[in-house]
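**Q** Each chain is listed here by its residues.
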Amino acid sequence: MKIKMMLAVVSGAMLCMGANAAEEDEFFNSDTTIGGYGELHYNMVDPESGDSDETLDFHRFVLFLSHGFTESWSFQAELELEHNLVESGDAVTDEDGTVTDVDGKGELELEQAYLDYHASSELGFQVGVILPSVGLLNENHEPPLFLSVERPNYSKYIVPTTWFGNGAALYGDCEGWGYRLVVMEGLDGSAFGAKGIRDGRQKGYKSDASELLYNASINYTGLPGLKAGTSVSYNNAEVDEAAGTKNAMTLTEFHVKLDKDRVHGVFEVGNVDFAKPELSDGVESSFGYYVDLGYDIDEMLPFDARITPFVRWEDINTASSTTAGGDSEKSEHKSTWMVGVAVLPTEQIIFKVDYSVETTELKGGISDYETTRINLGAGYMF
Amino acid sequence: MISSKKIGLSILGGLLFAAFPLFAGIQQDAEACIRGTLGEEIELTFKKLPLDKTKRVQIEKNTRQKFFRNDVYVWKIEADGAVTGYAILDNVLGKAQPITFLVVFDPMGVVVSSCIVKYRESHGGQVKSARWQKQFVGKSSASGFKVGRDVDGISGATISANSVSRGISKLCALFPYVKKSL
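Chains as they are written, first to last, in the numbering used here: chain A, 804 to 1185; chain B, 26 to 207.
Hints listed in this document are in silico derivations from the structure and should not be mistaken for laboratory results. There could be a bad hint or two in this list.
Claimed, not checked - Below 25 Å or equal to it, Euclidean Cα-Cα: the simulated BS3-like pairs (lysine-lysine) are:
| hint | chain 1 | residue 1 | chain 2 | residue 2 |
| --- | --- | --- | --- | --- |
| 1 | B | K204 | B | K73 |
| 2 | B | K86 | A | K1063 |
| 3 | A | K1009 | A | K1137 |
| 4 | B | K120 | A | K1063 |
| 5 | A | K1137 | A | K998 |
| 6 | A | K1063 | B | K171 |
| 7 | A | K1006 | B | K120 |
| 8 | B | K72 | B | K101 |
| 9 | B | K91 | B | K204 |
| 10 | A | K1006 | A | K1063 |
| 11 | A | K1063 | A | K908 |
| 12 | B | K91 | B | K205 |
What the hints assert, rightly or not - For the chain A half of the interface with chain B, some residues (derived, Cβ under 7 Å), not all of them:
| hint | residue |
| --- | --- |
| 13 | F830 |
| 14 | S869 |
| 15 | G927 |
| 16 | G931 |
| 17 | Y974 |
| 18 | G979 |
| 19 | T1024 |
| 20 | R1176 |
The C-beta atom is built at its ideal place from N, Cα and C for all residues, glycine as well.
Chain A on its own, in the form it takes in the complex (with noise of 0.2 Å):
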C-alpha cells in the first residue's frame, strides 16, 4: 500500500516534467537568495513551588536559501541553529550497543531541504526534507506571524511544530482552496506517551521508512486576511520492529485565522488518537485547543509602528483520555490564560511581552497547580 502511494506521488510528478512547459521569457533569471528569521527571548518561570528561574535565550536563528532552476525548478533550504550553541555531551553506550548522546546543548537542523517543481498553480510537486500541512505555524512559524513570545503550547504538544522530515508532496491551489498530499517518514512509535507525539518525530536523521506518514490538508485563503483549514495526518508507527509491533496514530485538526480591519483572531483545535493505548503508557488520545484575539491600537496613539495588545486561552491535555483514567487525565491538562503586547516597527521586526498563569490539574499531588511565566522577545524575518 505505501509503496503504491509512494509511486503514484513520484510517477505523478515524472509526469508533470515530462510534459513540455512554456519556454522561460526574459522576466525571469536564474538566481540565488537567502532569508531568515531569528529571536531572542527573556523567560521569567515562577513555580507554585520552588524557586523562579530567569533565562536569556537567542532561540533561534535561521537561514533560508533559495535557488530559482528555471521558472518551474527551484530549491528551498532552511537551516536552523537553536539556543545559540551546538555542544556534545557524554557519548553512552546501552547495553544493546545504542550510543546516545546525554546533555547535548542546542541544536542544528536542517528543517526544509527540497526541490519545488511548480508546473502551474493548481500542481506542484516537493522532494526532500519537507514540512507536513498541519496548523497554522508548522509551516509559516516567523515570529512576526504569532503574538505570544514563545510559540503557543498546542503548536508544541498536539502538533509537534516545527515538524519536518525525509519524504515527498504533492501540491496546488484552485480560487483560494489549497491542497497538499505529503507522504514522509513516519514517527517513531516508542516514543508515545503522556506527552504526546512529539518525542517521536524522526527529524530526517537516517529515518526509518518501513512505515510512512500520510497527511493531507485543505486550506481556504479566498477571502483577504482570512485562513481557515484542516488537515488529517495517520501513520502506522513502527513501535519495536523485532516484536513486530505498530500504534497507528491519527491526528486530525482544524484552523482559522483572521486578520483584517486591525483586528487579529486564533482558533486552533487538535486531536491525536492511539489505536494501541498499551503501546503509548496507556495514552488513548490527546486534545487540545487555543484563542488568540488582538486589535490593532496605533491609530489611537501618535506612534507609526504596529502595536497590538491580545489575549490568548489555550487548553491542552496530551494525556486527555488514559486507559486508567483518573488522575493519569489530569497530570497533563494544562490550561493557560495570557495577556501580552506585540509591537512591529515593520512587517518583517517585532517586538513582545507577555504574561501568562498557567493551570496544570494535578502536579506533585497538589490540585490546580500554577506556574506564572513572564516572556519578553525580539524577532525578525527578511
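Assemble chain B onto chain A, guided by the hints.
**A** Only chain B this time, still in chain A's reference frame:
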C-alpha cells in the same frame, strides 16, 4: 462498473490538464490582462522602457524596495483616439522566484486594476486572488501600502503579499516617468 484504476487515471489526467495550460509569451499574457480589465475595443502601444538610474534610486529609497530589472514593459492604452490609461509590467521577488505583475493606471496615475501575470513557486500563490488584488484599485502614489494596515495580509503568503504591495507602490511612484516616456 468503472474500475478504481480508471478513476485514478482520470484524476491524474485532469491534474495534468490543469497543470499545463497553453502559455503565450509574457507580453501577450500581460496584454490579455489589460484587455480583460478594459475590454477588447482598445489600442495598445507597447514599449520596453529602460529605467533611468537617478529616478530608480530615488523611487527605491522612497518605497523601500529595489527594482529587480533594468527595464519595465509599458503600454499606452487608447480608445476612440483618446488616451484612457497606461500599464506597467515588472518583477518583484517572492521567497525563491520572481513574481511578474501588471498594474493598469488611469491617465492620472490612479490604479484601475492589478494582476499577477506569472507566479513561479509553491508558497504565496494566494497573491493571485482577484479579491486580494482588488484592494489596490483606487490607490496612487499618495496612498498607503502597508500590509496589515492599508492592505489586508494573507496568512501563509506574508513574503509575497509584502513584496507585491511594495511593488505596486513602486510602480505608482514610477507612473509619471512612464507617462512622460510614451
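**Q** Please go over all the hints and tell whether each is borne out by the structure.
**A** The hints, checked one at a time:
no.	hint	result
1	K204(B) / K73(B)	holds (13 Å)
2	K86(B) / K1063(A)	violated (28 Å)
3	K1009(A) / K1137(A)	violated (34 Å)
4	K120(B) / K1063(A)	holds (23 Å)
5	K1137(A) / K998(A)	holds (12 Å)
6	K1063(A) / K171(B)	holds (13 Å)
7	K1006(A) / K120(B)	holds (23 Å)
8	K72(B) / K101(B)	holds (9 Å)
9	K91(B) / K204(B)	holds (21 Å)
10	K1006(A) / K1063(A)	violated (35 Å)
11	K1063(A) / K908(A)	violated (41 Å)
12	K91(B) / K205(B)	holds (22 Å)
13	F830	holds (5 Å)
14	S869	holds (3 Å)
15	G927	holds (5 Å)
16	G931	violated (12 Å)
17	Y974	holds (6 Å)
18	G979	holds (6 Å)
19	T1024	holds (5 Å)
20	R1176	violated (26 Å)
Comparing the model with each earlier hint shows violations of hints 2, 3, 10, 11, 16 and 20; every other hint is respected.
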